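Novice: Residue numbers (the working numbering), protein chains in the order written: chain A, 1 to 132; chain B, 1 to 134.
Calculated from the structure, these hints are not laboratory results.
You can trust all of the hints, since none of them are fake.
Going by beta-carbon spacing under 10 Å, a handful of chain A positions derived as facing chain B:
#1 25
#2 27
#3 110
Computed list of chain B residues with no C-beta within reach of chain A, every gap over 10 Å:
#4 20
#5 45
#6 69
#7 75
#8 76
#9 78
#10 79
#11 81
#12 82
#13 90
#14 92
#15 93
#16 95
#17 122
On a predicted model such as this, the values are computed, not experimentally measured, just so you know.
Just so you know, even glycine gets a beta-carbon here, dropped at the ideal spot from N, CA and C.
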Amino acid sequence: MARRSILERDEETKIDLAPMIDCVFILLIFFIVTTVFVEEQGLQVSKPDAAAASPEEKNNVAIDINAAGKILYQGKEIALADVTNVVKANLDDPETPVVIRASEKSSHGTFIGVWDAAKRGGAQALSFSTVN
Amino acid sequence: MSRRTLVSEEDESTSIDLAPMIDCVFILLIFFIVTTVFVEEPGVEIDKPDATVDAQLEKNSIIIAVTADNKVIYGGKELGVAGVGARVRQLLSKDDLPVIIQADAKAEHGVFSAVWSEVKNSGAKKISVSTRND
Numbered sequence: 001m002a003r004r005s006i007l008e009r010d011e012e013t014k015i016d017l018a019p020m021i022d023c024v025f026i027l028l029i030f031f032i033v034t035t036v037f038v039e040e041q042g043l044q045v046s047k048p049d050a051a052a053a054s055p056e057e058k059n060n061v062a063i064d065i066n067a068a069g070k071i072l073y074q075g076k077e078i079a080l081a082d083v084t085n086v087v088k089a090n091l092d093d094p095e096t097p098v099v100i101r102a103s104e105k106s107s108h109g110t111f112i113g114v115w116d117a118a119k120r121g122g123a124q125a126l127s128f129s130t131v132n
Numbered sequence: 001m002s003r004r005t006l007v008s009e010e011d012e013s014t015s016i017d018l019a020p021m022i023d024c025v026f027i028l029l030i031f032f033i034v035t036t037v038f039v040e041e042p043g044v045e046i047d048k049p050d051a052t053v054d055a056q057l058e059k060n061s062i063i064i065a066v067t068a069d070n071k072v073i074y075g076g077k078e079l080g081v082a083g084v085g086a087r088v089r090q091l092l093s094k095d096d097l098p099v100i101i102q103a104d105a106k107a108e109h110g111v112f113s114a115v116w117s118e119v120k121n122s123g124a125k126k127i128s129v130s131t132r133n134d
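Assemble the whole structure, with the sequences as input and the hints as a guide.
Specialist: What follows is the structure, encoded as structure tokens:
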């Protein structure tokens, strides 16, 4: 019975939440400070699979980028804006391989521009190779 | 005077109810714990090339930067093309993460290509190129 009365007395007391709130706030501040919202946009690029490479298929579309950053199709210079149309016109079906042969010295920006344009032209089997 | 004593004396015994605030703080805490990813950012300025057909990339990935003067950087330190393979292999052994190559539009294609090959050879499953869309 004596025990019971202790319990009854306990009903009056409360847990002190202050230390827990301190801890929680410290955790909260830590996570707020360390959080970075990485917003990355991008493309997936690929090189032709060496094992599966067939010897220069006849119907593939090859676009060259020379060291000066000029875009060539079948030896003729074309503008970046025309790449989409060239790809669209020469694509028999979406699975036709399209290869971008970029010079080592050309800029990455040009290469991505051509890649993007070819993709817009409907190329699905897109790959790149580097020439020097 | 009578008012003063009445209010202040009554207030001394009351305490603020902290429970709703704790609820809010916990919700915020859980939100930040869940959204936090610890990504090593290159910490260099990269002028990304433009693209229109790009997609959202995964937040938690290995980011390798190639600057306009053809330096290869990971986590604020310069690696060099030859160091990329070993580093990526070491990182992938812990966790199978996708790799993002952040190359500057003015970087040489040859350097980008070399980095790409190194990453590919070190066993990365998904390799993306970071672009800008505006």
